[in-house]
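Number of protein chains: 2
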Amino acid sequence: MSAAPADTLKIGKLVVIGVGLIGGSFSLALKQANAVERVVGVGRTQKNLDAAVRLGVIHEASRDAASAVRDADLVLIGTPVGQMPEVMAQIAPALGARTVITDGGSTKQDVIAYARRFLGEHFERFVPAHPIAGTEKSGADAAFAELFRDRNVILAPQTETKASAVTLVRSAWEACGARIVCLDARRHDEIFAAVSHLPHVIAFSLMSMLAKRSDAETLLGHSGAGLRDTVRIAGSSPEMWRDICLANREALTELLDDYMEELEIARSAILNGDAAALSEMFERARDARSRWLLKKPA
Amino acid sequence: MSAAPADTLKIGKLVVIGVGLIGGSFSLALKQANAVERVVGVGRTQKNLDAAVRLGVIHEASRDAASAVRDADLVLIGTPVGQMPEVMAQIAPALGARTVITDGGSTKQDVIAYARRFLGEHFERFVPAHPIAGTEKSGADAAFAELFRDRNVILAPQTETKASAVTLVRSAWEACGARIVCLDARRHDEIFAAVSHLPHVIAFSLMSMLAKRSDAETLLGHSGAGLRDTVRIAGSSPEMWRDICLANREALTELLDDYMEELEIARSAILNGDAAALSEMFERARDARSRWLLKKPA
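Read top to bottom, the protein sequences are chains G and D.
Take the first sequence: its letters are residues 89 to 386, numbered as in the working numbering.
Take the second sequence: its letters are residues 89 to 386, numbered as in the working numbering.
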């Protein structure tokens, strides 16, 4: 089964631990592709699990990850990365010798380190993955089958990782409509610190700073589409993003330093009335954005 | 004419100086509402003016603001705010005794100071205005008649401003489908420093910093919808935003300081692994955004 191409992929039992936007959409996409027989969802809150069953996101729900993963063909850990060590430690003793494990975490070096430590002998069937898709919404009711269509999924297999495990995970994501890209884990973390984690810190910080003001309500009442788009991702799960920021602290703080330096250049130019310096910065930004969007239509 | 309600408003001759997104859309909206007979567009580049005529944004084009404004009923100065002193000085000697003048500038204290200085006796017929609408696009070909529908237009009339002039400008914006809100000019500049000018500096700075990196193309190739939305407004006109930032430097640098302080709190929390501090900030941001969007649907 694990070597089957995407169009004939059939996963017998899929276990999704953390039935949120990513885990729920993975399940829905595989069900829609007729690539899975049975999906068991594991979660912390009964309310979310009940919603997931009611909405047809999963077939059945469980609060016990260890018993759920028994005889699974594939396990997706879709929790915030901060919970992954505990989840891995819980499921490791119950994992079968054929079960393939993957994750949906936004950082890879830390998740790989956890897996190496907590999955033990099963590490060779763990395929580190990061689907580049998401919205600012969370929970099972935010899930939808098309989330991964034409999106990249990064895989960061290790030297120990079995080819058959990579093939299964690749086939599953391809059945969801995604494209597979392989990246070194360290490079992955640097890249996503820049294009995802930093923008989230920027958006959360702006919204937090405005919220602290006594006139926040008046200010926001006057805002337009510009602010709305700039802070859209500040609607994302605080827990998930706290974990990501802490997991990727090295790359992220380095980029935050670069960003604050750039803001300081803007601030000085504004304060000193340096029109040329401001023009240079704004034009560089505008031109880079145009070139990027030409290559990568929205 | 000037006291007529929006549904019977008829402006004989409208002159739009700066036929870009704002000026062009104002013209199109008034034409669509059948509230104007003739629109003369004034601009710096023949190419944009030719496009404006070809696209039906204006009836005729002129490169000479002074001769264009003769016998106008209403003049909208839709240029970047940095050009307004020169435009005002040019048109002042040619303005008739009934002509009402307004603007579309994103800052109000500086525009009012320019108008007071350069419009002379015509200052009593100058109505400072700021339509809260826009996209990241610029130029006549970006203009569309619906831009101002259900949007706020801020008016900041001064003690000298004639009521009849305010009534005409109000009626014109209402004919474009906009709502009128009156604000003190200083308060206006504070509010928009927070909800518009600061987000633009944030977006331009992020895009500029990424563009400076030697691996910018690789980074951007991996980006998703999060970065795309966060930097959408970095596609805005560099010249326009340079002028706005310099015009509103006092309020803006104060807010930039607050923002950089907030980023520093985030940076310290990440560096020190302070999960509680990060959670507090991200939750404050997420909650404030939710409350705001509940009141103000997108």
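Honestly, the hints are just simulated from the structure, not real lab data.
Remember, predicted model here, so these are calculated numbers, not experimental data.
There's no promise every hint is true.
Since the list gives no way to pick out one identical chain from another, each pair is judged satisfied if it fits inside one copy or across any two copies.
In silico DSS-like links for lysine-lysine, alpha-carbon gap of 30 Å or less [claimed, not checked]:
no.: 1; residue 1: Lys101; residue 2: Lys119
no.: 2; residue 1: Lys250; residue 2: Lys225
no.: 3; residue 1: Lys135; residue 2: Lys383
no.: 4; residue 1: Lys225; residue 2: Lys383
no.: 5; residue 1: Lys383; residue 2: Lys300
no.: 6; residue 1: Lys383; residue 2: Lys119
no.: 7; residue 1: Lys250; residue 2: Lys300
no.: 8; residue 1: Lys383; residue 2: Lys98
no.: 9; residue 1: Lys101; residue 2: Lys383
Against the structure, the hints come out as follows:
1. Lys101 with Lys119: within (11 Å within a copy, 63 Å between copies)
2. Lys250 with Lys225: Answer is neither; intra-copy 34 Å and inter-copy 50 Å both fail.
3. Lys135 with Lys383: Answer is between: at 27 Å across copies they meet the 30 Å cutoff, but 43 Å inside does not.
4. Lys225 with Lys383: both (27 Å within a copy, 18 Å between copies)
5. Lys383 with Lys300: For Lys383 and Lys300, the Cα distance is within 30 Å only across copies (18 Å; inside one copy 39 Å).
6. Lys383 with Lys119: neither (33 Å within a copy, 37 Å between copies)
7. Lys250 with Lys300: Classified as neither: same-chain Cα gap 50 Å, cross-chain 39 Å, threshold 30 Å.
8. Lys383 with Lys98: Neither: 35 Å inside a copy, 46 Å across copies.
9. Lys101 with Lys383: Intra 39 Å, inter 44 Å, cutoff 30 Å: neither.
Hints 2, 6, 7, 8, 9 from the earlier list are contradicted by this structure; the remaining hints agree with it.
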